[in-house]
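Asker: Now for the letters of each chain:
There are 2 protein chains.
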Amino acid sequence: MTSRKNALPISRSEDFSAWYQAAITGADLAENSSVRGCMVIKPYGYAIWERMQRILDDRFKELGHQNAYFPLFIPLSLFEKEAEHVEGFAKEMAIVTHHRLEKVDGKLKPAGELETPLAVRPTSELVIGESMARWIKSYRDLPVRINQWCNVVRWEMRTRMFLRSSEFLWQEGHTAHETEEEAKTQAREMHEVYNWFISDVLKLYGIPGLKPNHDKFAGAVETYTVETIMQDGKALQAATSHYLGQNFARAVDIRFQSRSGTQEYANTTSWGITTRMIGALVMSHGDDDGINLPSAIAPYHVVIIPLLRSGNEDKLICYCEKIKESLPKGIRSIVDMKDISPQNKKWDYIRKGVPFILEIGLKECDQENVSIIKRASNLEKETCNISEFAANVERLLEQHDKILKDRINELAKNKINNTIKTIDELKEYFRSDTGFVKVKWSGSTDNLSVLDELSLTIRCIPTSQSETKGKCLLSGVDATTDIILAKSY
Amino acid sequence: MTSRKNALPISRSEDFSAWYQAAITGADLAENSSVRGCMVIKPYGYAIWERMQRILDDRFKELGHQNAYFPLFIPLSLFEKEAEHVEGFAKEMAIVTHHRLEKVDGKLKPAGELETPLAVRPTSELVIGESMARWIKSYRDLPVRINQWCNVVRWEMRTRMFLRSSEFLWQEGHTAHETEEEAKTQAREMHEVYNWFISDVLKLYGIPGLKPNHDKFAGAVETYTVETIMQDGKALQAATSHYLGQNFARAVDIRFQSRSGTQEYANTTSWGITTRMIGALVMSHGDDDGINLPSAIAPYHVVIIPLLRSGNEDKLICYCEKIKESLPKGIRSIVDMKDISPQNKKWDYIRKGVPFILEIGLKECDQENVSIIKRASNLEKETCNISEFAANVERLLEQHDKILKDRINELAKNKINNTIKTIDELKEYFRSDTGFVKVKWSGSTDNLSVLDELSLTIRCIPTSQSETKGKCLLSGVDATTDIILAKSY
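Quick mapping for you: the protein sequence lines, in order, are chains A and B.
Just add 43 to wherever you are in the first sequence, counting from 1, and you've got the numbering used here.
Just add 43 to wherever you are in the second sequence, counting from 1, and you've got the numbering used here.
Calculated from the structure, these hints are not laboratory results.
All values reported here derive from a predicted model rather than from experimental measurement.
Incorrect hints may appear among the rest.
Remember, identical chains collapse to one label, so a pair may be satisfied in a single copy or spanning two.
Pairs of lysine-lysine residues, derived as DSSO-like cross-links and limited to a Cα-Cα distance of at most 30 Å, are as follows [stated by the list, open to error]:
| id | residue 1 | residue 2 |
| --- | --- | --- |
| 1 | Lys-227 | Lys-146 |
| 2 | Lys-381 | Lys-227 |
| 3 | Lys-152 | Lys-134 |
| 4 | Lys-124 | Lys-146 |
Pulled out of the complex, with its shape left as it was, chain A reads as follows:
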């Protein structure tokens, strides 16, 4: 450990929440706008989202999903068609009631009242379901696999950048199938895709599992989730995949002629992942110098900073360009020529989590060397020959990713508790610590108020079960099911 000053004005241990905000600002990911609860995703933050989109979109297309686009607005009459669904979303929806503005006493006022108010989509099961009902006539038309990249609005009262905002960006996949089994398989397949993306691409620590019945998506039969663990021990629900049974098909009449000639309702699924993953990246991999980014989604792998002094410009710039040119295809790099001091540039890129920052002065130029700051290794410096760096940079990136992965695994090891057997022990644990607590559960919802008091929820019933016997933490009866309890974002 070093005694140097950190790049962020506040550390994780001082105030995790303030640190989170400082890490976002320091990396220039996003900012608040003048619209309550709506954020601006700045170019560097958006570049991360674009890389996430590309990776997921390619995977979805490989699996046979097609992109399309559906209306932003949902008539209330349509929204009412699935009772549980509307119940789940009614409290947080933006409602359009007028279609123009008029000046009244010099002030703009809404005018032209709509006959039917429109909800701004919080999710699109019903709108896309309506289209599917038109598209699907026979079992031959199934499965239908649709995905949409778009904005959605949920009128959150307490907002937090990336984690909870009134408007956010996401992808929502919607599929319709002939049989229950096929739809369940689809929902599980997308759950696996998300788990791969979260664990292998983003290098987060995620526990895949099923949501308890009382915490499913509004209108779903089963909700699969990946619960990721943040450095403060809280859970962040990273992506969900829902098996919807025939609930939405009945609501909007998605019916088809079956192989035996009968009319059947389709079985549908939906699944989504959002810009909150950027928040998960910050809170999983960030340190007191800023964010850290896994190579797959880092906008730049290598930033080259010329240490310009008058007199050495041309030679140095040429050498920096030569370094850039020497790097293998697939390595995203820039030479930063901006008119600010090299020192400030360096700290900017440290806060932005660029894996390798190269400071190139006359010395490096003359010796054909590069001086590397390794972001994930506590800013460790290393000097090597230009060709050696080009030859090794892909391996160095793998090391970089491994450091991030090992670090979050180590955190999870310390923050996942398997030993708590009683409510008293649970209370005791959360008095001094915050983490994921794995306990047995009988499925009873009787004593959930105990969890409420501790601000805990059942995050999931992990897919991987220990298959041991024990006593339900809440009811004390015999139980075999493992669940994860945690505080959450």
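Given the coordinates of chain A, work out where chain B should sit on it, guided by the hints.
Answerer: Below, chain B without anything else, positioned relative to chain A:
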């Protein structure tokens, strides 16, 4: 010309408007939704949009623009800051006034009235300008070049798929500059990018030019446009680029410290292109068999249809896969194995404008041949050897593109009239024809009502001017400026 039955139920000459609708339905591009004026962009239509996005996005990034994302909602107080701007949009905006729903007498009603109503963005100059005002402190921070891919809402009373819908998808670029000259150059550069995209990528016929002052974007100093000519002789405004001067910078206070230490307002631009380009493609290249797509944005270049009969399946499918494998990288192809008749498949792909449709039966398989239907050549059939096709397909695609381009150029030649000198001649022309009429204009807006009566507008002052002298069509005075008059979408 052939006497065969066409693939669409109605021809362009019978009813161009009904044909347009039939072409969209026939190609499965889009459909109406249950929300007034909002359409569903179906997978095939969206795949075309995705290709347009990729091409433009790559070009924007090459030119130094960065993507970002800004809020969907605009507080009315912000909207009021630019008087001309709000005037231009006030009549067609969706207004959010409530943030939840409540059940009243069993019916859902808007509840939770907002203190300040929010407009759903019709365009984002003010929202993005507000961010720019925060980002820009010094001339060193300039230029700022931002682009956003998003949905916007303009509450159109008369809607038409792709051409005019309450919600549409677009890209909006916004830049801020130190000097007027630099901003003007930027606006012109983006105008050139659009002209390249429209003419060279989409193979449309576009006339680049300046909008007359009375028809500029609300709040702009200058609006550049590309006016494309449709087969019915009407104009479609395809993309616009605006030099905004300091109007928006003053409205939202985008100020910077200049090189000489003074505080100056930035000079800004904005520019956009929308999903209506899909409509332009249909109306430019479509024929009575459906749409035609230029190769750059066609989701598939080659579709291979196996003429399956029981007994020949394995051999035939193998051969079809072999054809697909033989094609050069970059050729987008599929073997269509769907369980519908080969005859129906063929006509589906004809309506979808796939450049080359290959019908592969046992004969082709045994002789190692391919039978090609050339979409743009009036469905002309050709048979050649599999390796010959693979070797030639790129050249064939160039021919395909050239056919589309030549055809629209030929149309434009017949539909652009240079000979009209008087209002009587103008009236006479539009009694029997519809087209682009090029006349002289003094700049006077006195007699514009004559144009109104004929449903004509000044589409643009073409960038390329003849530099000849003549008389202003409207006022009769000496004039040198050429303008284009037309009916428009």
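Asker: At most 30 Å between C-alpha atoms: does Lys-381 with Lys-227 qualify within a copy, between copies, both, or neither?
Answerer: Answer is between: at 23 Å across copies they meet the 30 Å cutoff, but 53 Å inside does not.
Asker: Could you place Lys-227 and Lys-146 in one of the four classes (within, between, both, neither) given a Cα distance threshold of 30 Å?
Answerer: The answer is neither: 54 Å in one copy and 33 Å across copies each exceed 30 Å.
Asker: Go through the copies and call it for Lys-124 and Lys-146: within, between, both or neither, with a Cα cutoff of 30 Å.
Answerer: Between. Shortest inter-copy distance 14 Å satisfies the 30 Å Cα cut-off; intra-copy 37 Å does not.
Asker: Using 30 Å as the alpha-carbon threshold, which applies to Lys-152 and Lys-134: within, between, both, or neither?
Answerer: Intra 25 Å, inter 11 Å, cutoff 30 Å: intra and inter.
In this structure, the one hint that does not hold is number 1.
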